[in-house]
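Student: Below are the chains, spelled out letter by letter.
Number of protein chains: 2
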Amino acid sequence: MSFYDKLKFDAQGLIPAIIQEQKTGRVVMMAWMNRASIADTIKTGKTHFWSRSRQKYWMKGEESGNTQTVKDIAFDCDGDVLLIQVEQVGAACHEGYQSCFFRSVENGGFKITEPQLQKPEEIYKKKK
Amino acid sequence: MSFYDKLKFDAQGLIPAIIQEQKTGRVVMMAWMNRASIADTIKTGKTHFWSRSRQKYWMKGEESGNTQTVKDIAFDCDGDVLLIQVEQVGAACHEGYQSCFFRSVENGGFKITEPQLQKPEEIYKKKK
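Chains as they are written, first to last, in the working numbering: chain A, 1 to 128; chain B, 1001 to 1128.
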């Protein structure tokens, strides 16, 4: 049986993909995939997504160089979430943090929990 | 500033919450929260969700006893995903696995990557 038969895409044909850095166990981001981006992720070994805000197909790192090499693709009991283990180059977050989850709730407000590795303008000038 | 001001809920008033076991780094599940379930998660220190399929508010472990004690609540750069560190009692998955992500893609099919700790019928008879 193809694993695709186990997956449930939402009304827009999308499924959320949690990206975890295999080496550290750090969850670095969550983004959305469609069937085509899953296929390309498997074929190329690099994560590909569908951007809901930009309505655009994208490869992680295509502009920044901060690509993700796929080590494992798991899916959950309901088949409606993916968990992908990767080897992450550089910062995963477009704001220059290792993880997009760089803020935690504290006393009703929040705190920043990790250093900013790069300034966003440094990340995105690399390849432009 | 309240951290709520940083969050973006979808058209149904929901936000996905990735649940990670703090001790092991294992991502055990993803489920959906609304503002009320986030508030109760913070107030009680136990994860609360909104079930889209059952259209029902629920506390993780309310039937199984497999509760999650909250250790940290992070949110991502876009404010549209939560990452919650927990101390997990027993199996997180309703199918009796430690993690809901107990299957990985392999050669177009999939394999089961961890032992089933409990049979579902054992989990759900506990408190009924």
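Some hints here could point you the wrong way.
Said to hold, decoys possible - Below, a list of computed lysine-lysine pairs in the DSSO-like style, where the Cα atoms sit at most 27 angstroms apart:
1) A:K71 - B:K1023
2) A:K56 - A:K111
3) A:K56 - B:K1006
4) B:K1071 - A:K111
5) B:K1111 - A:K111
6) A:K56 - A:K43
7) A:K23 - B:K1043
8) B:K1006 - A:K46
9) A:K8 - B:K1071
10) A:K46 - A:K125
Stated by the list, open to error - Chain B residues, not near chain A, derived (Cβ > 10 angstroms throughout):
11) G1013
12) D1072
13) E1122
Hint data in this document are derived by calculation from the structure and do not stem from the laboratory.
For glycine and all other residues, C-beta sits at the position ideal for the given N, C-alpha and C.
Student: Decide, hint by hint, whether the structure agrees.
Tutor: Right, here's what the structure says about each hint:
1. A C-alpha spacing of about 22 angstroms is found between K71 (chain A) and K1023 (chain B), which places the hinted pair at or below 27 angstroms, so the restraint holds.
2. Pair hint K56 (chain A) plus K111 (chain A) does not hold up; C-alpha atoms about 32 angstroms apart against a cutoff of 27 angstroms.
3. This hinted pair checks out: K56 (chain A) and K1006 (chain B) have alpha carbons roughly 24 angstroms apart, not beyond 27 angstroms.
4. For a cut-off of 27 angstroms, the pair hint linking K1071 (chain B) to K111 (chain A) stands: about 15 angstroms separates their Cα positions.
5. Restraint check for K1111 (chain B) and K111 (chain A): not satisfied, since their Cα atoms lie roughly 40 angstroms apart, outside the 27 angstroms limit.
6. For the given pair, K56 (chain A) sits about 19 angstroms from K43 (chain A) by alpha-carbon distance, which is consistent with the 27 angstroms threshold.
7. Between K23 (chain A) and K1043 (chain B) the alpha-carbon distance is near 34 angstroms, which puts this suggested pair outside the 27 angstroms criterion.
8. Annotation: proposed proximity of K1006 (chain B) to K46 (chain A) is violated, straight-line Cα distance about 30 angstroms (limit 27 angstroms).
9. Between K8 (chain A) and K1071 (chain B) the alpha-carbon distance is near 30 angstroms, which puts this suggested pair outside the 27 angstroms criterion.
10. Only pairs whose Cα atoms come within 27 angstroms are accepted, and K46 (chain A) paired with K125 (chain A) is accepted, the gap being roughly 21 angstroms.
11. Every CB of chain A is more than 10 angstroms from the CB of G1013 (chain B) (nearest about 16 angstroms), matching its label as outside the interface.
12. Not every CB of chain A is more than 10 angstroms from the CB of D1072 (chain B) (nearest about 5 angstroms), against its label as outside the interface.
13. No Cβ of chain A comes within 10 angstroms of the Cβ of E1122 (chain B); the nearest lies about 16 angstroms off, and the non-interface call holds.
Checked against the numbered hints listed earlier, the structure breaks hints 2, 5, 7, 8, 9 and 12; every other hint is satisfied.
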